[in-house]
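Chains as they are written, first to last, in our numbering: chain A, 1 to 131; chain G, 1 to 462.
Since the hints were derived computationally from the structure, they do not count as laboratory data.
Where is the CB? At the ideal position from N, CA and C, for every residue including glycine.
Worth double-checking, as some hints may not be accurate.
So these bits of chain A aren't anywhere near chain G, every CB distance computed over 12 Å [to be verified]:
1. A6
2. L8
3. Q19
4. A20
5. A24
6. F42
7. A57
8. Q88
9. E90
10. E106
11. M117
12. K131
The calculated DSS-like cross-link candidates involving lysine-lysine, where the alpha carbons are at most 25 Å apart (straight line), are [as the list claims (entries may be wrong)]:
13. K65/A with K32/G
14. K12/A with K330/G
15. K12/A with K65/A
16. K65/A with K131/A
17. K131/A with K12/A
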Amino acid sequence: MSNIPADLKYTKSHEWVRQAQNGAVEVGITDHAQSALGDLVFVEVPEVGRALRAGDACAVVESVKAASDVYSPVGGRVTASNAVLASQPELLNQDPYGAGWLFRLETSDSAGAAALMSAAAYESFLADESK
Amino acid sequence: MAFIPHTAEDVARMLEVIGVPSIEALFDEIPKELRAGVLALPPAMSEMEVARLLTQRAALDGRPLNFIGAGAYEHHIPAPVWAITTRGEFYSAYTPYQAEASQGTLQLIYEYQSMMCALTGMEVSNASLYDGASALAEACLMAVRANRGSTSRRILLPRTVNPTYAQVARAIAGNQDITFETVDFDRSAGRTLLSALQPCSGQDFTALIIQQPNFFGSFEEVDQLTDWAHENRLLVIAVVNPTSLALLKPPGQWGAARDGHRGADIVCGEGQPLGVPLASGGPYFGFMATRMQYVRQMPGRIVGRTVDADGRPGFSLTLQAREQHIRRSKATSNICTNQGLLVTAATIYMSLLGARGLEAVAQASMQRTADLVAALSKVAGVKRAFSAAHFHEAVLLLDRPPVPLLAALARRGILGGLDLSERYPELGHALLVCATETKLGVDIDSYAAALTDVMSAPRAAA
């Protein structure tokens with residue numbers, strides 16, 4: 001059973017979003033996603049300053065068997081990206097909700113944020129997907 | 001006999017399963033006016049009749065003395081090159097799909113990549129691309145992916161780049177939202193005008209293409225061009241002739257060091273001069289090399305050296321996650337055909353010649369062209385077009401249109417060069433000529449004598 005922290009929001013493409021008070025959000029991929037991809041060998045993160053719309057492909061996670069795009073869950077401007085992943089992609093496998101974060105956004109996209117799933121909704125989405 | 005294993009019943013059953021009324025219906029998506037219709041082919045011939053027909057046709061080519069280069073070059077190919085290449089073990093023209101089962105092929109590609117890195121001064125090479133022109137188009141697409149500081153998708157394309165390459169790059173990359181802006185050349189020197197770049201300074205361009213030697217055979221001021229590009233945050237795409245790299249500074253060393261790096265960012269070109277015969281335009285092969293920093297943006301296959309579970313060395317395809325069989329429409333390229341057989345020939349050619357042999361070929365070719373230009377410039381009505389130093393090609397200016405003269409020379413068994421008047425009308429009666437190590441002094445004398453003859457004949461008769 002994959003780990004789905006209750007305090008985060010989720011997308012159908014398996015990104016998680018951690019919302020702070022001031023419109024800042026942190027984005028990564030879920031435990032389910034990292035486990036489906038397998039051992040990651042390369043992670044490409046978006047450059048700081050880049051403006052993203054919700055749904056833009058903005059990062060790439062590559063394992064020995066697949067390379068997948070990561071889509072921005074909400075619109076906003078990139079304020080930070082996790083450069084450590086370039087040399088230690090395994091952090092994303094080991095700690096997808098912590099040290100394996102991908103990027104941070106400054107967002108005013110409240111509609112996009114409202115459309116995200118709760119932990120419970122994501123859990124039943126995963127259950128449906130595996131049927 | 002038809003070499004088609006399916007009977008009419010098989011075909012009918014297959015169509016039924018997929019719910020299509022006829023084979024014709026499978027082509028419905030292609031507009032009628034784009035289809036070839038009925039091909040007007042003569043009745044089938046026997047093998048003997050075909051052999052006879054083709055032998056007669058081939059004889060019509062004669063064995064002309066060739067002074068045309070313009071992107072494809074006639075070099076001597078040592079006999080072992082194709083004797084080894086066509087051995088059963090190598091004679092497979094395509095990428096191995098069960099790659100690791102073909103350790104010999106993989107090792108050969110690995111050696112090829114290492115040689116191309118040594119020649120270009122770059123850190124990583126792919127296993128080859130389709131040809132030189134499409135390699136440039138791929139380099140343009142790659143530059144847009146790799147230069148993350150640029151959002152303009154605008155590429156500077158000097159007019160001294162091979163016009164056919166420019167056309168192919170526009171056709172492939174132009175349909176992917178990339179625009180090209182031309183850069184003019186110095187009419188007297190025959191190389192890209194540095195001052196033509198100044199208006200572009202400070203603007204957002206993605207990359208600058210530099211061909212060395214350029215289409216006219218002239219040497220570009222690659223250090224200044226590279227420095228300008230890097231100062232203005234453009235990537236440099238080098239288009240180079242591999243033979244010339246035995247003499248010239250490798251693209252990986254162009255310009256001044258910047259951020260710990262120097263040189264071109266992507267190097268590409270046509271591999272034909274390395275052991276591939278001139279054969280009606282192909283098949284040839286393209287090459288591409290880059291820095292490790294951009295390796296994941298590079299199209300095509302890459303062979304890596306590794307160790308197996310017991311620690312024994314072996315070879316494998318690497319970084320395949322970028323490729324179309326895994327990433328589908330998001331692959332770095334969907335035309336990354338690897339010209340395996342021609343790369344085999346090139347690797348054997350380079351191995352046989354060695355660094356000194358390749359340098360000798362380059363030296364001799366450069367010398368022969370210098371001799372040719374000197375000899376032809378003595379003919380009344382002929383002069384050199386440009387002052388810049390050149391490699392094994394140069395432009396001559398004639399006092400009349402080249403086409404009738406070339407026809408007259410062809411009747412004497414001499415292919416006298418490429419008429420540039422359509423591609424570069426501003427140059428007037430310009431002719432691009434080339435001599436490689438395959439042309440001896442007597443050949444150059446024959447050409448000069450024949451040209452003197454046809455130019456002194458009454459014009460109506462020429």
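Results for each hint:
1. A6: holds, 33 Å
2. L8: holds, 27 Å
3. Q19: holds, 27 Å
4. A20: Holds: least Cβ distance 27 Å, greater than 12 Å.
5. A24: holds, 23 Å
6. F42: Its Cβ does come within 12 Å of chain G, the nearest being 7 Å, so this is violated.
7. A57: Answer for A57/A: violated, closest chain G Cβ roughly 8 Å.
8. Q88: Q88/A clear of chain G: closest Cβ-Cβ about 17 Å, beyond 12 Å.
9. E90: holds, 16 Å
10. E106: The claim holds: E106/A sits with its nearest Cβ about 19 Å from chain G, beyond 12 Å.
11. M117: Nearest chain G Cβ is 25 Å from M117/A, so the label holds.
12. K131: holds, 25 Å
13. K65/A with K32/G: Status violated; Cα separation ~41 Å.
14. K12/A with K330/G: holds, 20 Å
15. K12/A with K65/A: Holds: K12/A and K65/A sit about 21 Å apart, inside 25 Å.
16. K65/A with K131/A: holds, 23 Å
17. K131/A with K12/A: Since the Cα atoms of K131/A and K12/A sit roughly 15 Å apart, the hinted pair holds (cutoff 25 Å).
In terms of the numbered hints stated before, the structure departs from hints 6, 7, 13, listed from lowest to highest.
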